[in-house]
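*Asks:* What follows is the residue order along each chain.
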Amino acid sequence: MDALVLLTLFVPFVGFLINGIFNRYIGKKAHWIAVPALGISALGGLAILWQVAGSGQVFENTFWTWIIADKLHVPFGYYIDNLAAIMVFVVTFVSFWIHLYSVGYMAEDRSYARYFAYLNFFVFAMLLLVMANNYVLMFVGWEGVGLASYLLIGFWFHKKSASDAANKAFIVNRIGDAGFLLGIFTLFALFGTLNYTDIFGSNLTVNKGLLSLALIFLFIGATGKSAQFPLYVWLPDAMEGPTPVSALIHAATMVTAGVYMVARSAPLFVQVPEAGYIVALTGAFTAVFAATMALVNNDIKRIIAYSTISQIGYMMVGVGLGAYWAGIFHLYTHAFFKALLFLGAGSVMHAMHDVLDINRMGGLKEKLPHTFWTFLIGSLALAGIFPFAGFWSKDAIIHYSELSGYSIIFYLTLTGVLLTAFYTFRLVFRVFFGEPRDRELYEKAHESPPVMLIPMWVLAFFAVVAGFVSGWFQHFLEAQLPHAHFEHTQAGITLPIITNGLALIGILIAYFMYVKPAVPSSLGENPIVKGIYKILYYRWGIISDWYEIVLMGWLRSLAAGVYRFFEDLFIDGTVVGSAGLTAATGNIVRKLQDGKYSTYALLMTAGFILILYLLVL
Amino acid sequence: MIQYFLPEITILAGILVVLILEIVLGRKGFLATLVSLLFLLVAGFFALRDLSLISPDYYKGLGAFINEHQNLVYIIKSLRLGVVERFMDTIMIVGTIYFVLLSYDYFRSRASGDYQFLTLSALLGGMLLIKSNNWPTLLLSLEILSFSLYALVAFRKDLFSYEAAGKYFFLGALSTAFLTMGIAFLYLAYGTIDFGTTFQRIYTLAQAGFPREVIILSSIALAFIIVGFGFKLSAVPFHFWTPDVFEGAPTPTAGFVSTVSKTAAIGLVFAIFQGLLVNYPALWKGLILWLSVITMLVGNIAALRENSVKKLLAFSTIANAGYVLAVVYAGGLEAVKAAIVFMLVYTITTFGAFAVLQITSEGNTHIENLRGLFQRKPDLAFALAALMVSLAGIPPFAGFFAKFFLAFSMVQMNHPLLAIWLFFNGAISAYYYLRVVYYAFQRDDSEKELPSSRIPYAVAVVSAVLVLLMGLFPDAYTSFVDKVFGAFFGL
Amino acid sequence: MTLTAVIFTLFALLGLWGALVVLFAKRPVYNALGLLLNFVSLAAIYIMLNAPFLGVIQIIVYSGAIVVFFLFVIMILNLRDPLSDMDLSFKGLVAFVLMISLLSLLGVYLYVIKLPAWKLGPEGSPGKLGELLLRDYLIPFELASILLLVAIVIAVVLGKKGEEQ
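Read top to bottom, the protein sequences are chains A, B and C.
Counting in the working numbering, the first sequence runs without a single skipped number right up to 617 at its last residue.
Counting in the working numbering, the second sequence runs without a single skipped number right up to 1491 at its last residue.
Counting in the working numbering, the third sequence runs without a single skipped number right up to 2165 at its last residue.
Derived from the structure by calculation, the hints contain no laboratory data.
Heads up, a few of these hints could be off.
[What the hints assert, rightly or not] Okay, derived cross-link-like pairs now, DSS-like style, lysine-lysine, Cα gap no bigger than 25 Å in a straight line:
1) A:Lys159 to B:Lys1448
2) A:Lys71 to B:Lys1483
3) B:Lys1448 to A:Lys596
4) A:Lys365 to A:Lys444
5) A:Lys596 to C:Lys2114
6) C:Lys2160 to B:Lys1157
7) A:Lys159 to B:Lys1377
8) C:Lys2160 to B:Lys1028
9) A:Lys28 to A:Lys159
[Stated by the list, open to error] DEER-style ranges, computed between Cβ atoms:
10) B:Arg1110 to C:Ile2060: 33 to 41 Å
11) C:Leu2132 to B:Arg1454: 50 to 58 Å
12) A:Val355 to B:Gln1375: 29 to 37 Å
13) B:Ala1458 to A:Tyr613: 49 to 57 Å
14) B:Arg1454 to A:Gly595: 30 to 38 Å
15) A:Thr65 to B:Gly1490: 19 to 27 Å
16) A:Thr65 to B:Phe1045: 46 to 54 Å
17) C:Ile2060 to B:Ser1109: 40 to 48 Å
Glycine included, every Cβ here is placed at the ideal spot set by N, Cα and C.
Produce the entire structure from the sequences given, and follow the hints as far as they go.
*Replies:* Structure follows, in structure tokens:
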């Protein structure tokens, strides 16, 4: 196992080193290093999963003791249980296909080798996070992931928006990281150690209040990395990076880290169900909140980004309610179909010369058949339609939220289903159906090369079948993770009918709004049909108009208002320093720094007098 | 007795040797640099040997005694010697070696013996400053350090350099005046200029309760003294000179001011507050706390929109001084260890960064000027990135551990809020450090040539590698610190 | 009021006057002479405080050497023109307020409190002082010589014309 772990973990790192150091000489051949590296790593991940599944035991080993400071001993070692094995598999497997896709997508880029170096580093950091056997090492991976995302989001740094987005992502993540670190400190204060085995194996009946505090801190870390409310703001902007990077961030290597961390701390969360409730509630709220924002957006990548925030919310509901396997199961299915959707979006952008506005697309079904079919599969999975992958995992979560007795979470998750189906298919219909709205772009559109299509089809295949293993998955994870603490009853047939019904309603609304009104001519020969159609057309037109004006307008301003509020509060207001308090302070500080020593002497004396009065009086 | 002061004596001998060589042989820059490096290495060796030999009985041969209350060793009245001081010495010697290497490249044909003389005398001043055991020694060694620094800042002998030195000198003299006044008030309060006697009188008074006049006199004295210390530390509101001096000084000197001189100041503050005044926490605890809290914030916020890289590093120096002041407040053995590790890492990282700036930003310190570094010298750009990321406190670089240990010692001393504040500030600082990296990795289409300077280049790369290695194997040096402390205190 | 108190007040006021002249006189020569007055008054106060040696040194070194040196410099550089007006606008006002607040606080407190009566060291005769400097305070004594050496080197270094420019 040692060799296997080292191989899986360090081969991407070696790839990073080679491409990073020799990037000048390697140039356009970088993928010959990066892609095989990930291939080896993915095979290693598969082998690890195989071994773990076969033996049913936890593999742990320490290579060397990394930090010794007083009582704090931090080893450099791995801890592979069923949960970690699943994660390793998902991360390496999905990343491999994204790497392959990038070969086509980034072919024209000037900094080809640098791109692949970062990509390999990203995967390495994520694997470190997943495989670590203690919280400090996990934190190292956690920061590495943040750093890699910073580099990749800002990859096209000559674009100001890209560098702003990268900074925003990094800083918001740092807020979360500070929470994570405090959580680590609190855990150390409670248990005197930070190794998983020691913590989980020790007497867990410690001070409940402090433990909740530690868990809340950890969760703050998770909200940062997993883009949960209120620290979600960086993720939509992170679209400024290359599209495969978005796929990597959203599907495999970054946003899932928070979910994994909560699941990893499951034995602690079980001690304080209330902390889990906060996690679940935040997740459920985020799921709906982000979905409403996706309803009104016109940017193809941002819509998918909001859907990620929303879906991570579902995962949080799962792990928060103690249904760890369901949360991780959704993480696993989501990885496939979300990577697929992003690669599809990348393919569309590739065809449309980097246009992102869905209002300028339309009718691409014929032009991009492969992209269309795979995108459709991904969308069906995202909407949770039976029997696609998303259905199994999302239904499991909704089922648990029903059982948990927290009806508010249950209703929020159901609302999310309706909204998800609607915005997903709004996207599909606007992009692939109807008349092309920008003829010029449409004429130039072309299907992507095979090196991009193959990964899409592979992922599409998994987006269909990945859900079928739900029984095995539950059994496999619950062998080691805690079970949900409430009574478990077998899922009936009612719930799937309700969720699928809701999803279908969402799809139908989208259909009648965006497809039907736009098909005026085919049946138009028959005068009767023509008459009925006219009525329907205008009726729908009226409804559509009403919807656009009243509902959408209202929702749009609400979403924009909420977004701006948090934007100001968290980003501009207190952190970056581009507005408000910090700018004012910064300006004062700089104004005082006028270069004249009479000013400085005066200020020093003023400071002295102030101190004198404070001390003496 | 001499064997306990070998590092100081070596440096003193070095001062005289480079001066005599200059007088006898005329200007021989290369030789002087070599000689001074030799003396520095020997002094470093002696310091490390001292540390490795240390045991609870180590200083007993002098008839010295370990003070029960502050774990410091008093020797021959004027100087105090202990494990903390030796560690600080070692760090300062490391910083000075960096400085000598970088200056040789900076001045090239103008390198001279008097420059080395000033370098070594600054180091000697710093080394004696942290060991002072009475106020005259403290004042004189402080002035030796400061005078040498003023001259080193002015050494480029152009208008900018003179202006910076002038500001530094004028404000430094002002702060020393305040310090001296404060010492007079302390003398009034405790009737002695010896630290040992002061310490004992405070200890006795602390048992009985301080009389009102002593409280008032001590408070007045503290307000005066903190001006002097705050100036050296560049703590807010005594920090104003820092950006201006950094901007005008030769690049290596800016590095020296921000590391060696800062280490001496930290050692001094530890000696005064966690040593001399440790039994009178009501006097200084609140002041140091607020000073540190405000210093961190002001340094970081001012750096956010700073466009001159040197000034940016100046503000970073200010913020870092705030971090260490926070552990001076927290106290405890762990805090001292954390401060030592922090200063070591900080010295290496900062000097590495200054080495890069020496190549890229001479003559134009604007951050835009870093553009295209990656295209021209990718390895240098990577080194700069590693150093900046380390300063930002991101693992696995050494800077993360340095900050981690600081926060850890605060948590251990039950000051979690301070640790939170530290991390909050760390989050802010990440922004401007990474901004530097950002510009370094931007494309630049102008036909600019970078000077080919081998020494700073090697220094930068070695520092970056060191920072990474020290991050990957922090145990290598923390365990040494632990071991020495353990041996010294017989733990 | 005893005779000592009268003499003390006299010299204290003289010293203060000298300091004010240094600050506010417009001609450099007057500044230097004000400094001289200040130094001499201080020397007198030292002598009254039972430190005759210090007083004599004060006169020899400061009044004799330093001020004379200042005067030489002023004459050589021919600094006859009055110094430009000080910036007495906003900054001057702030400085004045700061000074008042400092003086009032120190004045009030030092007037109210009873100073601690510590038994101080031996009287400041040259013999005792020498003993103290060469035994107990040997290291600061030597440090002073290093400081002077540093100062000399700095003077030489900065005084040399930068031949490379």
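*Asks:* All hints are to be evaluated individually against the structure, with a verdict given for each.
*Replies:* Structure-based check of each hint:
1. A:Lys159 to B:Lys1448: The given pair, whose Cα atoms are some 22 Å apart, holds under the 25 Å limit.
2. A:Lys71 to B:Lys1483: Measuring from Cα to Cα gives roughly 14 Å; hence the hint holds.
3. B:Lys1448 to A:Lys596: violated (34 Å)
4. A:Lys365 to A:Lys444: holds (14 Å)
5. A:Lys596 to C:Lys2114: violated (41 Å)
6. C:Lys2160 to B:Lys1157: Judged against 25 Å, a Cα distance of about 10 Å means the pair holds.
7. A:Lys159 to B:Lys1377: holds (23 Å)
8. C:Lys2160 to B:Lys1028: Roughly 17 Å between the alpha carbons, so the hint for lysine 2160 of chain C and lysine 1028 of chain B holds.
9. A:Lys28 to A:Lys159: Holds, at roughly 22 Å.
10. B:Arg1110 to C:Ile2060: 33 to 41 Å: holds (39 Å)
11. C:Leu2132 to B:Arg1454: 50 to 58 Å: holds (53 Å)
12. A:Val355 to B:Gln1375: 29 to 37 Å: Distance hint for valine 355 of chain A, glutamine 1375 of chain B holds at roughly 30 Å.
13. B:Ala1458 to A:Tyr613: 49 to 57 Å: holds (52 Å)
14. B:Arg1454 to A:Gly595: 30 to 38 Å: holds (35 Å)
15. A:Thr65 to B:Gly1490: 19 to 27 Å: Holds: the Cβ-Cβ distance is about 24 Å, inside 19 to 27 Å.
16. A:Thr65 to B:Phe1045: 46 to 54 Å: violated (29 Å)
17. C:Ile2060 to B:Ser1109: 40 to 48 Å: holds (44 Å)
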